[in-house]
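Trainee: Chain by chain, the residues run as shown.
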Amino acid sequence: MLYIKCPWCGYRDDAEFHYGGEAHIKRPFDADSLSDEEFSEYLFQKSNTKGLTLERWVHTSGCRRWFNVLRNTVTNEIIEVYPSNQLPSSQAGKEYYKNNWRRKSAAESLTTRQVEK
Amino acid sequence: MTMQRFRLKDLGQVDRSKPLRFKFDGKFYEGYRGDTLASALLANGVHLVGRSFKYHRPRGLLSAGAEEPNALIQVGEGNSTDPNTRATQMILRDGLTVKSQNRWPNLTFDLGYVNNLIHRLLPAGFYYKTFMWPASWWMRYEYWIRRAAGLGEAPKGADPDRYEKNHAHCDVLIVGSGPAGLSAALAAGQTGARVILTEEQDSFGGSLTYNTDCTIDGLPAFEWVKRTVAALSSMPEVILLKATVTNGYYDHNYLTLLESTDNDNQTGSEYKTRQRLWKVRAKRVVLATGQIERPLIFRDNDRPGIMLSAAMRAYLNRYGVSPGNRVLLFTNNDDAYRTAISLKKNNVPIAAIVDLRSNPDGELVDQVRSEGITIYPGHAIVSTAGYLRIKSAKIMQLSEDGTKLIGSMKEIRCDSIGMSGGWNPTVHLFSQSGGKLRWDEELAQFLPKTVTQNLVSIGGCDGTQGLSNCLKAGLKAGAESARATNNKGRAPRLPKVIEPKYNDQRTIWLIPTERANGKISNHFVDFQNDVTASDIGLAAREGYRSVEHLKRYTTMGMGTDQGKTSNVAALAILGETLGTTAPNIGHTTFRPPYTPATIGAYAGRNLGLLFDPVRTTVMNECHKGLGAKFEHVGQWMRAWYYPKPNETMQQAVNREVKAARDSVGILDASTLGKIDIKGPDAAEFLNRVYTNAWLKLAPGRARYGLMLKEDGMVMDDGVTTHLQPGHFHMTTTTGGAASVLEWLEEWHQTEWPDLKVYFTSVTEQWAVASICGPNCRKLLSDLAPDLDLSNEEFPFMSVKEGNVAGITARIFRISFTGELSFEINVPRRYGPKLWDALMQKGKKYDICPYGTEAMHVLRAEKGFIVVGQETDGTVTPYDLGMDWIVSKTKHDFVGKRALKRSDIIKNDRKQLVGLLTENETEVIPEGSQVVETPTSAPPMVMIGHVTSSYYSPNCNRSIAMALVKGGKEKIGQTLHVPLRNKTIKVTVTDTQFFDKEGVRLDG
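Chains as they are written, first to last, in this note's numbering: chain A, 1 to 117; chain B, 10001 to 11003.
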């Protein structure tokens, strides 16, 4: 059973949390302009990493806040915990974020372009 | 009762002032407090304790600990009986009743032994190869195979015993109380650190309970143990747990410990707890789990009387029990010499020592020689004789390279054999923690390599040899672990140790055979599952070269002992067969639990009513008073129907459904999920999570909404009301309340944190009575004379606040029945008052309380869906024919883009339709499959399934809804519902069965 440090409440057993899947999936802003294939990438394709992964958790039986975790899926070591809507600050987290295939996906490129506009 | 003939005078740690009586296989015996069942049996000369799994060979005690493969005992009687308990870990208590397993009619005469006589016909994989054909006969084969094999019997009824759970946190958890663990506990405990020390045996000390030839600071080793334990007991932050198996090592230093508590003087107490499961979160873990001795693998090495050398020494020195009257020792290292010296000291006759090493030497060997004990160096036991107890062994000389036997055979008479094939570090917990192992060629052992959690392995389980080294490692690890968890202090000084010195061992995994053809048989590797060296050879020849395949093919290591004494030898033999070495073979994964655990301990007290909380509404007593039957809806207990005397369920439901449309019905709707939504951006938020438009909903008005997942599938529905500007009251399905709240919070926090909106669950804060039917307006106005309830003033889909029966209430004019209907919400504590007032005033309209069953019929008559019944996570609003609720103009809502996917807009998706049976009284079972062309037998092409089906008294016929492929196009067509005994003919219709015009909504 994992021991997770909620950014607001401190260490708690994982029974208090719910898992929220991969973190940093940008929701396409104007999804209608995406093809079915491109939209499916956003909707269905999930990174299933052996090793470091960025993921979302929510402290359901506590403060009910969502946050992000950098975890090693092989050893379950938790390297970093940080609030939702922020980027990782550890070197490993930054690298994982930068190198994730999703940064180049059509859905994310579209959203990034539109937010910049 | 027999005397304890093999109990030696004044030896061991058992309490001789406390004799205990126990029954084994119907016969009474005596033992002492401090005995295990195993030591007490041996004290009475009982070596034969069980029959083997496959060949039913007589088996005796092999070990004195957790690794025991043979002595599996059925403990207790009735429903508290516990099968497959290791006699070596069963703490003796007065009045204990145990019996042996896997034998019939009894232990000394077992008909199953026929399997041994034909064992050549039953090699590994026998069942796989033999019972292949015909496939349909497998059920018959399996019945007989399962009857023939197997160990103990599971109890038939519920476990009457009580189990507890305990959660604990500590700085340092130390597993094992041998010299390494004890000294680690001492060093850590002295700093004031919170320490838990666990020991699987009933007494602390590990090997020091029986290695009486050592001294620590001038004290006999066991005296040092007693002093150390006394010192630890006086430390307030140290918890000492004996008879406690640390059986699981999970993520982030979470460990489970299973403590046996029924060994105390609790028998008969009503508060007696049998076992306690500890769930411990440790900052740091010190594994001091020691080593397990290896058997030697020679022909017929499994006869009763043959045991491990150190186990023999444990029975002798710890329990004061002699193993027999003439002991032969067989070894590849110095350990058996230590046993020989202990035996000699206590006048137990020794036949000889057979040593695989050609030139054994060193202080232990010299000492044995000087005692005049015969040593056969460079010799091996090649076979043994004796059926229910070993009688003799034949020995021969080994060739120099150890692969052949030479010279003449010599027979040695004996009644017990102590064997030692070296030691395996107990790395199970380390491996469970995620650590990787390495093979040490010099020690011929698997040792910890890569550490993935905050732990340290010390002592025997880390390959450390010798008492002094173990004490040193313990003191160091204890002090370091304390410091690592923010405690301050230094390690105590290393005590002066006198201990015998060991020389190198000679590893020969498989003792060769003297037979000219080189064939080996009955060289048992896995005693519990009757796997022999020749089975391993056969598996290798048949291509099972991976250790995982070997394990499954031969069942090697798959017994309740998980191969604690056998796995490493099996790997080595497989390696030799394949011409490679153990590290290249790898090892199977160690998994929790370390030793078998009682399911009851994991359930603890979470049984019956305590298994899961039951939620009842505040009006629960009102329903009971009306004679309601209840059903589970999620965690809720809801009133299902209210039968009158002598009424069947169908009759009651028919009556309720009629009454709700004829005059007035009342339903307890308190369980509906209710979420209070506030904030300037509340409307914008709803607009994004619901499929329809919400920005223009005026205060005081309500709207039905449908929520989709991002994949476009229906997730929940409900009516949300705009109470005041920036304040909404959302309702959800009863089962969806918690997940919808979580869903809203997720979108708000992770996707739209800029929106100012707040969510509060108010499900429990409101009690709700829903009244419906043509007379419900009159009833409400009787109780709320100040309110104008006319259609003009209080139209459908609106809310009013006012006094109902003197209670401030929120009244919603919404309807789940298609009738004129009011949902009256009052603060929770007024629920019963509201219910009683409505029932009282409703008498003149023959008010009829209706339950969830009638509610379902009423909504089905109108074709209203129930999320989770008509939907299953693969159904879109279009599939439900609810296109009207999906906004075409909104820029975005959750699920919008997905609804345009090619797969979603296909015409042949399963769509919701109505089904009418040809025979009007026939009700189709829900879940039935729908087909276009029925055939006399499956398979048939299934094009849909029935989601809802009831008898409707208002339509005077049965009605059903179904999801059918391309259903909208099929309206008017005839389809079929094949059942086991008949096929029902149905006509496809729309889903409105009653009041298609909707005129009843306004009363």
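Note that these hints are calculated values from the structure, not bench results.
Be aware that one or more of the hints could be misleading.
[As the list claims (entries may be wrong)] Result set (PhoX-like, lysine-lysine): computed pairs, CA atoms no more than 25 Å apart in a straight line:
1) B/Lys10833 - B/Lys10800
2) B/Lys10888 - A/Lys26
3) A/Lys26 - A/Lys98
4) B/Lys10272 - B/Lys10242
5) B/Lys10965 - B/Lys10982
6) A/Lys5 - B/Lys10027
7) B/Lys10023 - B/Lys10156
8) A/Lys26 - B/Lys10896
9) B/Lys10970 - B/Lys10906
10) B/Lys10283 - B/Lys10488
11) B/Lys10910 - B/Lys10965
12) A/Lys50 - B/Lys10226
13) A/Lys46 - B/Lys10279
14) A/Lys26 - B/Lys10900
15) A/Lys104 - B/Lys10896
16) A/Lys104 - A/Lys94
17) A/Lys50 - B/Lys10449
18) B/Lys10018 - B/Lys10279
19) B/Lys10279 - A/Lys5
20) B/Lys10345 - B/Lys10226
21) A/Lys104 - B/Lys10900
22) B/Lys10982 - B/Lys10696
23) B/Lys10709 - A/Lys26
24) B/Lys10099 - B/Lys10027
25) B/Lys10658 - B/Lys10843
26) B/Lys10624 - B/Lys10279
27) A/Lys26 - B/Lys10345
28) B/Lys10996 - B/Lys10982
29) A/Lys26 - A/Lys50
30) B/Lys10283 - B/Lys10476
31) B/Lys10896 - A/Lys46
32) B/Lys10624 - B/Lys10644
33) B/Lys10709 - A/Lys46
34) B/Lys10965 - B/Lys10862
35) B/Lys10023 - A/Lys26
36) A/Lys5 - A/Lys104
Trainee: Each of the hints needs a verdict: does it hold here or not?
Mentor: Hints and how they fare:
no., hint, in the structure
1, B/Lys10833 - B/Lys10800, "holds, 20 Å"
2, B/Lys10888 - A/Lys26, "holds, 24 Å"
3, A/Lys26 - A/Lys98, "holds, 14 Å"
4, B/Lys10272 - B/Lys10242, "holds, 18 Å"
5, B/Lys10965 - B/Lys10982, "holds, 22 Å"
6, A/Lys5 - B/Lys10027, "violated, 58 Å"
7, B/Lys10023 - B/Lys10156, "holds, 22 Å"
8, A/Lys26 - B/Lys10896, "holds, 16 Å"
9, B/Lys10970 - B/Lys10906, "holds, 15 Å"
10, B/Lys10283 - B/Lys10488, "holds, 15 Å"
11, B/Lys10910 - B/Lys10965, "holds, 4 Å"
12, A/Lys50 - B/Lys10226, "violated, 49 Å"
13, A/Lys46 - B/Lys10279, "violated, 34 Å"
14, A/Lys26 - B/Lys10900, "holds, 20 Å"
15, A/Lys104 - B/Lys10896, "holds, 23 Å"
16, A/Lys104 - A/Lys94, "holds, 16 Å"
17, A/Lys50 - B/Lys10449, "holds, 21 Å"
18, B/Lys10018 - B/Lys10279, "violated, 34 Å"
19, B/Lys10279 - A/Lys5, "holds, 19 Å"
20, B/Lys10345 - B/Lys10226, "holds, 23 Å"
21, A/Lys104 - B/Lys10900, "holds, 24 Å"
22, B/Lys10982 - B/Lys10696, "violated, 53 Å"
23, B/Lys10709 - A/Lys26, "holds, 16 Å"
24, B/Lys10099 - B/Lys10027, "holds, 10 Å"
25, B/Lys10658 - B/Lys10843, "holds, 16 Å"
26, B/Lys10624 - B/Lys10279, "violated, 41 Å"
27, A/Lys26 - B/Lys10345, "violated, 78 Å"
28, B/Lys10996 - B/Lys10982, "violated, 32 Å"
29, A/Lys26 - A/Lys50, "holds, 22 Å"
30, B/Lys10283 - B/Lys10476, "holds, 17 Å"
31, B/Lys10896 - A/Lys46, "holds, 20 Å"
32, B/Lys10624 - B/Lys10644, "holds, 13 Å"
33, B/Lys10709 - A/Lys46, "holds, 16 Å"
34, B/Lys10965 - B/Lys10862, "holds, 22 Å"
35, B/Lys10023 - A/Lys26, "violated, 70 Å"
36, A/Lys5 - A/Lys104, "violated, 31 Å"
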